[in-house]
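Protein chains in written order, with the working numbering: chain F, 16 to 342; chain R, 16 to 342.
No wet-lab data here; the hints were simulated from the structure.
All of these numbers come straight from a predicted model, not from anything done at the bench.
Treat the hints with caution; some may be incorrect.
A pair counts as met if it fits within one copy or between any two copies, since identical chains are not told apart.
The calculated lysine to aspartate or glutamate pairs, modelled on DMTMM-like cross-linking and capped at a C-alpha distance of 20 Å, are [stated by the list, open to error]:
#1 37 / 313
#2 267 / 92
#3 37 / 82
#4 176 / 208
#5 228 / 324
#6 67 / 88
#7 176 / 235
#8 123 / 88
#9 123 / 205
#10 37 / 79
#11 123 / 92
#12 176 / 205
#13 267 / 330
#14 322 / 254
Number of protein chains: 2
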Amino acid sequence: MAEAARPVRCIVKLGGAAITNKGELESIDEGSLRSSCAQLRQAMSDNAAPEKVMGMDWSRRPGESADPVVDTEGFADMDGPGLDTNFVVVHGAGSFGHFQASRSGAHKGGLHTTLVKAGFVATRISVTSLNQEVVRALAREGIPSIGLSPFACGWSTRQRKLVSANASQIIQSLHAGFVPVLHGDGVLDELLDCTILSGDVIIRHLAQLLSPKYVVFLTDVHGVYDRPPTDPNAVLLREIEVDDNGGWSIVKPALQGNKRGVETSVAAHDTTGGMETKILEAAAIARLGVDVYITKVDTEHSLRALKGDVNTSSDDWLGTVICRSAK
Amino acid sequence: MAEAARPVRCIVKLGGAAITNKGELESIDEGSLRSSCAQLRQAMSDNAAPEKVMGMDWSRRPGESADPVVDTEGFADMDGPGLDTNFVVVHGAGSFGHFQASRSGAHKGGLHTTLVKAGFVATRISVTSLNQEVVRALAREGIPSIGLSPFACGWSTRQRKLVSANASQIIQSLHAGFVPVLHGDGVLDELLDCTILSGDVIIRHLAQLLSPKYVVFLTDVHGVYDRPPTDPNAVLLREIEVDDNGGWSIVKPALQGNKRGVETSVAAHDTTGGMETKILEAAAIARLGVDVYITKVDTEHSLRALKGDVNTSSDDWLGTVICRSAK
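So here's chain F without its partners, still in its complex pose (with noise of 0.2 Å):
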């Protein structure tokens, strides 16, 4: 397999619930998208002038009849889209494909019936047409976006758990300076025949190929909660630590009880975890010495966490951090 010439800065989550409004249908934020891919920009131009954005998508928008302009000489006047570009980005699916899957019992497998193959078929529909747009949106920031499907790209599973998931394209992607786009998809599954691949899942395998310096998780809400962040008496956890033997504690804030639980909600209609399944994950990446900024969409946090400019000790920052205790 191919080796990455240079580390990878940094892997994000676009979050199903950050990137499309998750009531209903197959509807995108648009605010959230944009500004996420704008801070990505920002993140990836570290500090430079900022330049004229050179968009990328040049295709048609629907609705809009007029045909594409593309500046040809002005990006033959650049140097270089003078970005590091050395990032990864996983988009979850949101209200694209959750209602696919959970009509169909896709996520469950059994493409014997009918049923279940078509509503594999229509999971991966929605996704990738969310995929599409999320690859759309970032291009047209300047950022040469590249759209990588996990069942394309050959992934499967065996009961759930991830037995094949090859990195070679995404990491010659990265090579030519391309930014990879992956998603949660539908993928076959030795055992159930099939299953839905969660972003989140997506993430922690592409931390432990790729080494990256930090992942961040960009999400609906501040962060990490100790109950559901629906409840006024929710606090939100600053800094969790992990050890290597698959314990954690809560360093910040200093809660009754180092090792309390952290109670979640999952909603009824999300097949593949929502919270619970997001700090799993999570924590098993910042077992890898990896660090984890989890924060809310569209706000200063969000664009200090893709920069990797997250300091704990200071409380300025709102989020949650998890990462390796220091033992």
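Position chain R against the provided structure of chain F, taking the given hints into account.
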């Protein structure tokens, strides 16, 4: 690599000229696309009693606000889709991708320039959006279609020749009862950095790997002519035989001089070849012993070709058959 459990029945090329309006940027010929998918379904059902089509595209369509209606009970009552789905679909780009590739020169390579990098990104956005529409059109006809981008499958070239083109994802999709849908795509090239891989080259490679019973090219004219089909004196070549040494001869109709050349026109913006590439690739497929049928989309002739029901000894089928000479 996985082996195909049973031979693939047919590989179908939906030509870019057949399913898009070539003169208009990113415009699908909805009628031809719908007809191709309906005819494919007919060919797959093999004269069984026509069943109610259970659509597998459960996504919202642009401009529609209503949620899709899914008849899960109807699906649950079905024994199976009742289709012989052992087909592979490959489509061209037509008015998708060519604009972006030719404006940037992405087909000629050179990713160190921002223009080529941007054009490569823009080209992939355009061709994958067409792929999404083809997959959806097939799914609406109850065909369990799965989009597979050559780039994401890890296909790459060296000086425009395929060097890495693993078909295991395609074979596994066929095993699972899905119809893989590939497309002409931007790929990485070992010498040029990047290039555009045409659907015709993909078809030839797949014919080699999968040994289908026959290959069908659906296009916007009735077949291969002895000169550009816009020429009023153009003669449709009904049957072409190829031999193992790379030679070929026109069997029907009898023209003056059997080895008479075939003049073709290649549209200036066609970055992957046009009719000339098509004939060369078709001849290479026929040389494998696989019959090739080239005919016009959305006709009785295309339906017969998709069913494999072509008899060169009668004159009622309009199209070109390319096959290996008997000896």
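Hints, one by one, checked against the model:
no. : hint      : verdict
1   : 37 / 313  : within (17 Å within a copy, 40 Å between copies)
2   : 267 / 92  : neither (50 Å within a copy, 55 Å between copies)
3   : 37 / 82   : between (32 Å within a copy, 14 Å between copies)
4   : 176 / 208 : within (13 Å within a copy, 35 Å between copies)
5   : 228 / 324 : within (12 Å within a copy, 59 Å between copies)
6   : 67 / 88   : within (13 Å within a copy, 54 Å between copies)
7   : 176 / 235 : neither (27 Å within a copy, 46 Å between copies)
8   : 123 / 88  : between (52 Å within a copy, 18 Å between copies)
9   : 123 / 205 : within (12 Å within a copy, 41 Å between copies)
10  : 37 / 79   : between (26 Å within a copy, 18 Å between copies)
11  : 123 / 92  : between (52 Å within a copy, 19 Å between copies)
12  : 176 / 205 : within (10 Å within a copy, 34 Å between copies)
13  : 267 / 330 : within (10 Å within a copy, 83 Å between copies)
14  : 322 / 254 : within (18 Å within a copy, 63 Å between copies)
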